[in-house]
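Trainee: Next come the chains, spelled out residue by residue.
Protein chains: 2
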Amino acid sequence: MKIIEGGVVAAKGFKAGGIHCGIRATRTKRDLSLIVSDVKASCAAVYTTNLVKGAPLTVTKAHIADGYAQAVIVNSGNANTCNADGIEIAETMSALAADALGIAASDVVVASTGVIGQPLNIEPIRKGMPQLVKSLSADSCDDAIEGIMTTDTVPKSIAVEFEAGGKTCRMGGIAKGSGMIHPNMATMLVFITTDAAISPEMLQKALSEDVKNTFNMLSVDGDTSTNDNCVVMANGMAGNAVIKEEGEDFTAFMTALNTVNVALSRMIAGDGEGATKLLECKVAGAADEITAKTVAKSVICSSLLKAAMFGADANWGRVLCAIGYSGADVDVNKVDVDFRSAAGTISVCRNGAGIEFSEEEAKKVLLEKEIDILIGLNSGDAEATAWGCDLTYDYVKINGDYRT
Amino acid sequence: MKIIEGGVVAAKGFKAGGIHCGIRATRTKRDLSLIVSDVKASCAAVYTTNLVKGAPLTVTKAHIADGYAQAVIVNSGNANTCNADGIEIAETMSALAADALGIAASDVVVASTGVIGQPLNIEPIRKGMPQLVKSLSADSCDDAIEGIMTTDTVPKSIAVEFEAGGKTCRMGGIAKGSGMIHPNMATMLVFITTDAAISPEMLQKALSEDVKNTFNMLSVDGDTSTNDNCVVMANGMAGNAVIKEEGEDFTAFMTALNTVNVALSRMIAGDGEGATKLLECKVAGAADEITAKTVAKSVICSSLLKAAMFGADANWGRVLCAIGYSGADVDVNKVDVDFRSAAGTISVCRNGAGIEFSEEEAKKVLLEKEIDILIGLNSGDAEATAWGCDLTYDYVKINGDYRT
Numbered sequence: 001m002k003i004i005e006g007g008v009v010a011a012k013g014f015k016a017g018g019i020h021c022g023i024r025a026t027r028t029k030r031d032l033s034l035i036v037s038d039v040k041a042s043c044a045a046v047y048t049t050n051l052v053k054g055a056p057l058t059v060t061k062a063h064i065a066d067g068y069a070q071a072v073i074v075n076s077g078n079a080n081t082c083n084a085d086g087i088e089i090a091e092t093m094s095a096l097a098a099d100a101l102g103i104a105a106s107d108v109v110v111a112s113t114g115v116i117g118q119p120l121n122i123e124p125i126r127k128g129m130p131q132l133v134k135s136l137s138a139d140s141c142d143d144a145i146e147g148i149m150t151t152d153t154v155p156k157s158i159a160v161e162f163e164a165g166g167k168t169c170r171m172g173g174i175a176k177g178s179g180m181i182h183p184n185m186a187t188m189l190v191f192i193t194t195d196a197a198i199s200p201e202m203l204q205k206a207l208s209e210d211v212k213n214t215f216n217m218l219s220v221d222g223d224t225s226t227n228d229n230c231v232v233m234a235n236g237m238a239g240n241a242v243i244k245e246e247g248e249d250f251t252a253f254m255t256a257l258n259t260v261n262v263a264l265s266r267m268i269a270g271d272g273e274g275a276t277k278l279l280e281c282k283v284a285g286a287a288d289e290i291t292a293k294t295v296a297k298s299v300i301c302s303s304l305l306k307a308a309m310f311g312a313d314a315n316w317g318r319v320l321c322a323i324g325y326s327g328a329d330v331d332v333n334k335v336d337v338d339f340r341s342a343a344g345t346i347s348v349c350r351n352g353a354g355i356e357f358s359e360e361e362a363k364k365v366l367l368e369k370e371i372d373i374l375i376g377l378n379s380g381d382a383e384a385t386a387w388g389c390d391l392t393y394d395y396v397k398i399n400g401d402y403r404t
Numbered sequence: 001m002k003i004i005e006g007g008v009v010a011a012k013g014f015k016a017g018g019i020h021c022g023i024r025a026t027r028t029k030r031d032l033s034l035i036v037s038d039v040k041a042s043c044a045a046v047y048t049t050n051l052v053k054g055a056p057l058t059v060t061k062a063h064i065a066d067g068y069a070q071a072v073i074v075n076s077g078n079a080n081t082c083n084a085d086g087i088e089i090a091e092t093m094s095a096l097a098a099d100a101l102g103i104a105a106s107d108v109v110v111a112s113t114g115v116i117g118q119p120l121n122i123e124p125i126r127k128g129m130p131q132l133v134k135s136l137s138a139d140s141c142d143d144a145i146e147g148i149m150t151t152d153t154v155p156k157s158i159a160v161e162f163e164a165g166g167k168t169c170r171m172g173g174i175a176k177g178s179g180m181i182h183p184n185m186a187t188m189l190v191f192i193t194t195d196a197a198i199s200p201e202m203l204q205k206a207l208s209e210d211v212k213n214t215f216n217m218l219s220v221d222g223d224t225s226t227n228d229n230c231v232v233m234a235n236g237m238a239g240n241a242v243i244k245e246e247g248e249d250f251t252a253f254m255t256a257l258n259t260v261n262v263a264l265s266r267m268i269a270g271d272g273e274g275a276t277k278l279l280e281c282k283v284a285g286a287a288d289e290i291t292a293k294t295v296a297k298s299v300i301c302s303s304l305l306k307a308a309m310f311g312a313d314a315n316w317g318r319v320l321c322a323i324g325y326s327g328a329d330v331d332v333n334k335v336d337v338d339f340r341s342a343a344g345t346i347s348v349c350r351n352g353a354g355i356e357f358s359e360e361e362a363k364k365v366l367l368e369k370e371i372d373i374l375i376g377l378n379s380g381d382a383e384a385t386a387w388g389c390d391l392t393y394d395y396v397k398i399n400g401d402y403r404t
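Sequences listed follow chains A and B, in order.
When you number the first sequence by my numbering, it's gap-free, plus one each residue, and the end is 404.
When you number the second sequence by my numbering, it's gap-free, plus one each residue, and the end is 404.
The hints are simulated quantities; they were obtained by calculation from the structure and are not laboratory data.
C-beta atoms are modelled at their ideal positions from N, C-alpha and C, and glycine is treated no differently.
Hints should not be assumed to be uniformly reliable.
Claimed, not checked - Result set (DSS-like, lysine-lysine): computed pairs, CA atoms no more than 30 angstroms apart in a straight line:
| id | chain 1 | residue 1 | chain 2 | residue 2 |
| --- | --- | --- | --- | --- |
| 1 | A | 397 | B | 397 |
| 2 | B | 40 | A | 397 |
| 3 | A | 369 | A | 282 |
| 4 | B | 397 | A | 364 |
| 5 | A | 212 | A | 40 |
| 6 | B | 29 | A | 363 |
| 7 | A | 282 | B | 29 |
| 8 | A | 244 | A | 167 |
| 9 | A | 29 | A | 397 |
| 10 | B | 40 | B | 127 |
| 11 | A | 364 | A | 397 |
| 12 | A | 369 | B | 397 |
| 13 | B | 61 | A | 334 |
| 14 | B | 363 | A | 397 |
Said to hold, decoys possible - Counterexamples of contact, computed for chain A against chain B with all Cβ distances above 10 angstroms:
| id | residue |
| --- | --- |
| 15 | 22 |
| 16 | 62 |
| 17 | 106 |
| 18 | 117 |
| 19 | 133 |
| 20 | 142 |
| 21 | 154 |
| 22 | 155 |
| 23 | 163 |
| 24 | 258 |
| 25 | 266 |
| 26 | 311 |
| 27 | 347 |
| 28 | 391 |
| 29 | 397 |
Unchecked claim - Away from chain A, derived, C-beta distances all over 12 angstroms, residues of chain B:
| id | residue |
| --- | --- |
| 30 | 105 |
| 31 | 138 |
| 32 | 378 |
Construct all of the structure, not just a fragment, from the sequences and the given hints.
Mentor: Here it is, written out as structure tokens:
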């Protein structure tokens, strides 16, 4: 498997585009995106577990209930959530895209991201549709990425090439997500395309399994969005024998999907609202996987630890504290903690108690942009990784006046 | 019942004092406090549920296992947690206080607050003991309050007078707590004294019941401290018939205790690290109390809502979002939300959807120092209140370099 260029248009038979249609007042950023497959594709999705769900999720769920889809339409600037006419608007969005593309509305995935609770005006979308279709390209998905960004500061895309059934397959994904990011089912908006042939059932299985170890292990601020979802379309144009069961090809597919999802998770964490650092918490030596995940997530979510990382302060007591309140059954007297970055590794805690270390060296390690928090529980073989970011002045600034 | 002056020395037979002994390098703040009863007192306590527990909690638990205590010694500047010699140091602290006061070490409650994982040097405490005892006063507990403060910016104390068994009783409390504050059993350090006569069993019952609705409904940052505890000493010097069972007197006692604890909870929330606003989330119309509490806590803990309140932004979608991911079984289509302050009340959401409101008026309401977030679930009669604060630049600043 190798990393390639192209995001969601890396795979055969996919095009993407994006325009500014006017949902956002400012013209500096695109606000409407479209991803289309030349042929109907197997489609799988995972959604937020928030009880307050964006209307687009309800509509998407119905549209892909048969396991197939051919296009994704998505807007930023408005979440179309907590609005009385939300379902109607989301259905209209699908229908407009379907008409323009000459496909069935029931093959359209629809998504929205932005402010919750403000009515979404369908007119800019209606008017922009011809231009949106015209923007479709098989060479670049840069415009589509821009169209789904909100407080994101960098575009997020990845693609890989892998072998299945003797054929070369490609898979690529794009994502938006910066705040209101917390592991609880799929997070944020993620769209993945692949030309591998796989049945809808195996595609859903692959996605549902993988998000447990990727997007669900990601937190920026502990707030689980109302509009999160992750959608994969597999159009089969690579020509491999359709993956219908577990085996070598499914494993290759899972590996590719995991590579895409880990890369996007890291991009989202590193671009968390206001973030200056990507944090990766790796827990090893846990009695079981649940324990490892619970500990990793608790540490990555601690506001106090996140603020300490922003300050490059090796305050490992906050790591211990977050392990202690995680709810996991851990022997705190066996816990080891190290901090690691490109500048080196520094051990700060052994058997639940502090050890001597050079504050100067610790500072050097923690001033890097990517910090690994390594936790050894010394109670078994299970491992888990979680991703997050530091807590900064800018997170507060961005969210103190998000609507204005 | 009426509010009176005096904090923990308001009740008959209690003295308190505080000094700078040198645990903190800087002499600008006291770092060692003592509270003493003239006679042995019934004693009850609740402790953090964090698996990583400060050594002083273990020692205190053993000392008050018989239901009685006569003094509290507490230091700030060092939590005496995650240290190999923690228990020994905490035992020595008790013994030093006991010797100086001429009481049994097993009647001493010991507590520590500050940095986790740095050895606590007992010498400054040993050397300071004579001066500490000399500082005891029945007239003021200001020095004792200062001695337990860490990042607190205001002293926290309250006292009330109430009737039980035809006698006038008094009860007062002091607290420290600013960061690492999250509802999960008692939070922070809280010391309460009363001259009411009550059995240890009924005192524990009163405390355990009340914290569920007070300190456990409080969150500054979602981090549950390793050293939290709340201790009540009741020395009986008011001369009322000992409260040994439920009834009128116990109810009067519970009311007094609730008044003290609510007042301290509000003070702690309003003085949350970096906070500019006290937030009170009142949930009404819940199907049951658990639902009401779960919703109230989820909303008060949302980083996004806390940042919006800092920015005086009526972003009610974040309230709905936090209700949705709370885990409570709520019909989101029935939810009403209002914001209220001294400047008025503004309705922003009815039946789970936004309603028109004046942004200007909303701004006026939210620019006040104390904001009530009123949530109506319209599904029953249960209610709950939670307290918290806004998320500000200063929270990040304070916690970016806490140890240095």
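Trainee: Each of the hints needs a verdict: does it hold here or not?
Mentor: Verification of the supplied hints:
no.: 1; hint: A:397 to B:397; result: 13 angstroms, holds
no.: 2; hint: B:40 to A:397; result: 52 angstroms, violated
no.: 3; hint: A:369 to A:282; result: 17 angstroms, holds
no.: 4; hint: B:397 to A:364; result: 20 angstroms, holds
no.: 5; hint: A:212 to A:40; result: 27 angstroms, holds
no.: 6; hint: B:29 to A:363; result: 28 angstroms, holds
no.: 7; hint: A:282 to B:29; result: 39 angstroms, violated
no.: 8; hint: A:244 to A:167; result: 16 angstroms, holds
no.: 9; hint: A:29 to A:397; result: 20 angstroms, holds
no.: 10; hint: B:40 to B:127; result: 26 angstroms, holds
no.: 11; hint: A:364 to A:397; result: 27 angstroms, holds
no.: 12; hint: A:369 to B:397; result: 19 angstroms, holds
no.: 13; hint: B:61 to A:334; result: 23 angstroms, holds
no.: 14; hint: B:363 to A:397; result: 17 angstroms, holds
no.: 15; hint: 22; result: 21 angstroms, holds
no.: 16; hint: 62; result: 18 angstroms, holds
no.: 17; hint: 106; result: 25 angstroms, holds
no.: 18; hint: 117; result: 4 angstroms, violated
no.: 19; hint: 133; result: 31 angstroms, holds
no.: 20; hint: 142; result: 29 angstroms, holds
no.: 21; hint: 154; result: 21 angstroms, holds
no.: 22; hint: 155; result: 23 angstroms, holds
no.: 23; hint: 163; result: 40 angstroms, holds
no.: 24; hint: 258; result: 26 angstroms, holds
no.: 25; hint: 266; result: 21 angstroms, holds
no.: 26; hint: 311; result: 3 angstroms, violated
no.: 27; hint: 347; result: 13 angstroms, holds
no.: 28; hint: 391; result: 6 angstroms, violated
no.: 29; hint: 397; result: 7 angstroms, violated
no.: 30; hint: 105; result: 25 angstroms, holds
no.: 31; hint: 138; result: 37 angstroms, holds
no.: 32; hint: 378; result: 15 angstroms, holds
Hint compliance for this structure: hints 2, 7, 18, 26, 28 and 29 are broken, all remaining hints hold.
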